[in-house]
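Chains A and B, in that order, give the protein sequences. Going by this note's numbering, the first residue of the first sequence is number 138, and it counts up by one from there. Going by this note's numbering, the first residue of the second sequence is number 47, and it counts up by one from there.
Check before you lean on any hint, since a few could be wrong.
[What the hints assert, rightly or not] When the alpha-carbon atoms are kept at most 20 Å apart in a straight line, the in silico EDC-like pairs for lysine to aspartate or glutamate are as follows: (1) B:K289 / A:E445; (2) B:K191 / A:E323; (3) A:K278 / A:D226; (4) A:K452 / B:E291; (5) A:K452 / B:E283; (6) B:K289 / A:E447.
Because the hints were derived from the structure by calculation, they are not lab data. Model, not experiment: these values are computed from the prediction.
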Amino acid sequence: MSILVVAEHEGDALKPSTLSAVTAAKEIANHAGGDLHLLVVGKGIDAVAEAAAKVGGIAKVLKADDEAYEHLLAESVAPLLVGLAEGYDYVIAPAGTFARNVLPRAAALLDLQPLTDAIAVESADTFVRPIYAGNALATVKMNDARKLLTVRATAFDAAEAEGGSAAIEAVEAAGSSDQSRYIGSELTKSERPELTSARVVVSGGRGMQSGENFAMLEQLADRLGAAVGASRAAVDAGFVPNDYQVGQTGKVVAPELYIAVGISGAIQHLAGMKDSKVIVAINKDEEAPIFQVADYGLVADLFQAVPELEQELSKVL
Amino acid sequence: MKVLVAVKRVIDAYVKVRVKADGSGVETQNVKMSMNPFCEIAVEEAVRMKEAGIASEIVVVSCGQQNSQETIRTALAMGADRGILVQTDEELQPLAIAKLLKAVVEKEQPEVVLMGKQAVDNDFNQTGQMLSALLGWSQATFASKIEKADSSLTVTREIDGGLETVEIKLPAVVTADLRLNEPRYASLPNIMKAKKKPIDVLPAADLGVDAAPRLQVVKVSEPPVRQAGVKVGSVAELVDKLKNEAKVI
Numbered sequence: 138m139s140i141l142v143v144a145e146h147e148g149d150a151l152k153p154s155t156l157s158a159v160t161a162a163k164e165i166a167n168h169a170g171g172d173l174h175l176l177v178v179g180k181g182i183d184a185v186a187e188a189a190a191k192v193g194g195i196a197k198v199l200k201a202d203d204e205a206y207e208h209l210l211a212e213s214v215a216p217l218l219v220g221l222a223e224g225y226d227y228v229i230a231p232a233g234t235f236a237r238n239v240l241p242r243a244a245a246l247l248d249l250q251p252l253t254d255a256i257a258v259e260s261a262d263t264f265v266r267p268i269y270a271g272n273a274l275a276t277v278k279m280n281d282a283r284k285l286l287t288v289r290a291t292a293f294d295a296a297e298a299e300g301g302s303a304a305i306e307a308v309e310a311a312g313s314s315d316q317s318r319y320i321g322s323e324l325t326k327s328e329r330p331e332l333t334s335a336r337v338v339v340s341g342g343r344g345m346q347s348g349e350n351f352a353m354l355e356q357l358a359d360r361l362g363a364a365v366g367a368s369r370a371a372v373d374a375g376f377v378p379n380d381y382q383v384g385q386t387g388k389v390v391a392p393e394l395y396i397a398v399g400i401s402g403a404i405q406h407l408a409g410m411k412d413s414k415v416i417v418a419i420n421k422d423e424e425a426p427i428f429q430v431a432d433y434g435l436v437a438d439l440f441q442a443v444p445e446l447e448q449e450l451s452k453v454l
Numbered sequence: 047m048k049v050l051v052a053v054k055r056v057i058d059a060y061v062k063v064r065v066k067a068d069g070s071g072v073e074t075q076n077v078k079m080s081m082n083p084f085c086e087i088a089v090e091e092a093v094r095m096k097e098a099g100i101a102s103e104i105v106v107v108s109c110g111q112q113n114s115q116e117t118i119r120t121a122l123a124m125g126a127d128r129g130i131l132v133q134t135d136e137e138l139q140p141l142a143i144a145k146l147l148k149a150v151v152e153k154e155q156p157e158v159v160l161m162g163k164q165a166v167d168n169d170f171n172q173t174g175q176m177l178s179a180l181l182g183w184s185q186a187t188f189a190s191k192i193e194k195a196d197s198s199l200t201v202t203r204e205i206d207g208g209l210e211t212v213e214i215k216l217p218a219v220v221t222a223d224l225r226l227n228e229p230r231y232a233s234l235p236n237i238m239k240a241k242k243k244p245i246d247v248l249p250a251a252d253l254g255v256d257a258a259p260r261l262q263v264v265k266v267s268e269p270p271v272r273q274a275g276v277k278v279g280s281v282a283e284l285v286d287k288l289k290n291e292a293k294v295i
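Let's have the full structure, built from the sequences with the hints guiding it.
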């Protein structure tokens, strides 16, 4: 039995979600046994492959470094996974947009039914996953012989990033597809920590009233070393870009501290943050549902409370 | 250009779902059902394509029980031309739906299939990608903008780091994200008109695909309930609690 973990990376570094997927793979290996291999796909990814080789518990790193994989387009990456999957009992990836795009495509080509968003490993073939925006949990047994699944990074601790010394093996590209072509991207540039792996997250909702007002949250976030997130309402209103969105269809976060500012707390938003360790809600409507999940609620006008909070924090941090 | 839109009937996104006491699933009796919100966005996009003269015909397909006709009817009222129900009482998982849709696509020969990126019941986010794979077509998931050129589409996709734009050759499968458009409400005259639009019913069993479930739901349970905490009276008290009680700062 062996397990292939597909790494999420940023061209020069592994994303923290990859380390969580490795932990999930180790839990599966505890039930099923077998070696863990880590696949890195891209173009010019030597640094990522080297980082991957250091991850604790990895027996081998597979490096698929090719022009065809520069932009990780599904039509090109899926055939690579199909070829490699033959040699494995499990293919696991963190549930980001990369794997959500590629893994089901590969699975269909293999006539396999993958599982999305595992949050717990019950046995070698049984996993727990949220359904209905996390309002119910399904325990699901996978009956296909080969199992393809994505795992929620927030549900598994990060594996050790150092300490391993796996061999790096180059794998042949599986050819490229001319069906799709990368045109460009607009990626949010930020010095702040990445939303899904930040220790503290400060999120704003419709109550922020404008994109300019998010500057206030950014200041607070910088005081705390936090990432900035948003509710769907704030993204739909155009206050901030789509990649800020926390919720059922956006990002799932589980930081030590989540501060929800001017967010009412729709179930779709709660789905993305209710596993945070400590939740603070600041909202002027004391009936807002967000208070039902908050450890500390402050009923106040955010335009007064947020600057004041930043001031108070400056005294203790 | 002929456009096919796949739609799913789900528990309304604003209904608080209740887990059945015996752990076999969630309560669906006497619960409001609606079109999956992401499917509505896909239908709206198709209708806008038709209004812009890009789409010539919009065919709406749903796979499921007899009552999925209501969902197809909703799409027809929004502006789709005709419907197809692939009818079965069996549980359908994404791979099975992709196989059934492939059979419909082969009959109907559309140039584009539009669908929602995920359904808000099972939250799988798989079917579009799987259909595209089975057809050997190009795919663009999580679309927030779609533009048509001669033999391709330029699609802006919502990805983890921001936005990405790709050009995909036709035929293609595109899945809709939240910000692609805001779906319209069907007007009363259009709801009346939709009653006369045709819906073909195809028994799933006649399509000759293996639609058996591969995943077995062992049980469905309530998630752990988070207890509401306390209200604090001031910012100073909040900072004190965070520092000395929760110890997170």
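> Does E283 (chain B) lie within 20 Å of K452 (chain A) when you go C-alpha to C-alpha?
Replying inline: 13 Å, holds
> Within 20 Å, alpha carbon to alpha carbon, are K278 (chain A) and D226 (chain A)?
Replying inline: Distance of about 15 Å is within 20 Å: holds.
>> What's the verdict on K191 (chain B) and E323 (chain A), does the C-alpha distance respect the 20 Å limit or exceed it?
In response: Distance of about 14 Å is within 20 Å: holds.
>> What's the verdict on K452 (chain A) and E291 (chain B), does the C-alpha distance respect the 20 Å limit or exceed it?
In response: 17 Å, holds
> Is the straight-line distance between the alpha-carbon of K289 (chain B) and that of E447 (chain A) 20 Å or less?
Replying inline: 14 Å, holds
> Straight-line Cα separation of K289 (chain B) and E445 (chain A) no greater than 20 Å?
Replying inline: The given pair, whose Cα atoms are some 16 Å apart, holds under the 20 Å limit.
The structure agrees with every numbered hint stated previously.
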